[in-house]
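Chain by chain, the residues:
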Amino acid sequence: DSGVTQTPKHLITATGQRVTLRCSPRSGDLSVYWYQQSLDQGLQFLIQYYNGEERAKGNILERFSAQQFPDLHSELNLSSLELGDSALYFCASSGGTVTYNEQFFGPGTRLTVL
Amino acid sequence: GNSVTQMEGPVTLSEEAFLTINCTYTATGYPSLFWYVQYPGEGLQLLLKATKADDKGSNKGFEATYRKETTSFHLEKGSVQVSDSAVYFCALLSGYSTLTFGKGTMLLVSP
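Top to bottom, those sequences are chains A and B. Note that my numbering gives residue 105 to position 105 of the first sequence, counting from 1, and the numbers run on in steps of one. When you read off a place in the second sequence, starting at 1, and then add 1000, the result is the number in my numbering.
Accuracy of the hints is not assured; some may be wrong.
[Stated by the list, open to error] Quick partial rundown of chain A residues pointing at chain B, CB under 8 Å, derived from the structure:
| id | residue |
| --- | --- |
| 1 | Ala-56 |
| 2 | Gly-58 |
| 3 | Asn-59 |
| 4 | Phe-90 |
| 5 | Pro-107 |
[Said to hold, decoys possible] With a straight-line cut-off of 30 Å between C-alpha atoms, the simulated DSS-like cross-links for lysine-lysine are:
| id | chain 1 | residue 1 | chain 2 | residue 2 |
| --- | --- | --- | --- | --- |
| 6 | B | Lys-1103 | B | Lys-1052 |
| 7 | A | Lys-57 | B | Lys-1060 |
| 8 | A | Lys-57 | B | Lys-1103 |
| 9 | A | Lys-9 | B | Lys-1103 |
| 10 | B | Lys-1060 | A | Lys-9 |
| 11 | B | Lys-1049 | A | Lys-9 |
| 12 | B | Lys-1060 | B | Lys-1049 |
| 13 | B | Lys-1056 | B | Lys-1068 |
| 14 | B | Lys-1049 | B | Lys-1077 |
| 15 | B | Lys-1049 | A | Lys-57 |
| 16 | B | Lys-1052 | A | Lys-57 |
Just so you know, these hints were derived from the structure itself, not from any lab. Don't be surprised by glycine CBs; every beta carbon is placed ideally from N, CA and C.
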């Protein structure tokens, strides 16, 4: 158990809908990262927050947004969903901004768009 | 930009066989290198890491050496077990703590 929790575990929805994925980092970790894992694209970094502020952005679509709240939990919002958004979404957390700091991954949310 | 290339799988081995999974990278500066493992239905777990050239990371019988001259970080294990069956990801960390992953290599170990 990494200490990172993600809810829900599974999510099934329809095209055009909007969903929210939630992540609670390990106790004391200030950074939260979101990743998307799909069969064709592999594991891709989406976005990083550090203590409530956006720190780095990767291959995140404009239809996707995220935020980190004062209690450090984070939410990833996916809107106008398309079939191609079906994937595993992972959250990870780490203790700071040191470049080699270890990231601890949650179990993921499997999103299926029908 | 940064990139990681690892051998395509699946890699199929018998128990107690020797394992090598190749990983090469392209990066600016001096990245840290990692191997993560993903067991079926689970998230990623850090297996081992190396933060500078010639460092050797090791854990659970797995090891990998950071080779700057060949930009490689190959994963090895002397004797695999059925319980090692999983997907293995090579990754590098550079800049603002963003991990760049390879596509993953599935390992299947049969008794």
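Next on the checklist: Lys-1049(B) and Lys-1077(B) were given as a pair; does the straight-line alpha-carbon distance stay at or below 30 Å?
Outcome noted: 15 Å, holds
Checklist entry - When you check the alpha-carbon spacing of Lys-1060(B) and Lys-9(A), does it fall within 30 Å? => result 29 Å, holds
Item to check | Given hint Lys-9(A) paired with Lys-1049(B) - CA-CA distance at most 30 Å | outcome: Roughly 28 Å separates the two Cα atoms, so the pair holds.
Next on the checklist: Need the status of pair Lys-9(A), Lys-1103(B): alpha-carbon distance at most 30 Å?
Outcome noted: 23 Å, holds
Checklist entry - Between Lys-1056(B) and Lys-1068(B), is the straight-line Cα distance small enough, at 30 Å or below? => result 12 Å, holds
Checklist entry - Under the criterion of a CB-CB separation shorter than 8 Å, is Ala-56(A) in contact with chain B as hinted? => result 4 Å, holds
Checklist entry - Is the hint on Asn-59(A) kept, meaning its closest Cβ partner in chain B is under 8 Å away? => result 11 Å, violated
Item to check | Hint check, Pro-107(A) versus chain B [nearest Cβ-Cβ separation less than 8 Å] | outcome: With a minimum Cβ separation of about 5 Å from chain B (threshold 8 Å), the hint on Pro-107(A) holds.
Item to check | Lys-1103(B) paired with Lys-1052(B) [C-alpha distance capped at 30 Å] | outcome: Roughly 23 Å separates the two Cα atoms, so the pair holds.
Checklist entry - Given the proposed pairing of Lys-1049(B) with Lys-57(A), does the C-alpha separation stay at or below 30 Å? => result Answer holds: Lys-1049(B) to Lys-57(A) is near 24 Å, not above 30 Å.
Checklist entry - Given the hint that Lys-57(A) pairs with Lys-1060(B), does the C-alpha gap stay at or below 30 Å? => result Distance ~34 Å between Lys-57(A) and Lys-1060(B) Cα, so the pair is violated.
Next on the checklist: Next pair to validate is Lys-1060(B) with Lys-1049(B); report whether the Cα-Cα distance is within 30 Å.
Outcome noted: 13 Å, holds
Violated hints, listed in ascending order, are 3 and 7; each of the other numbered hints is respected by the structure.
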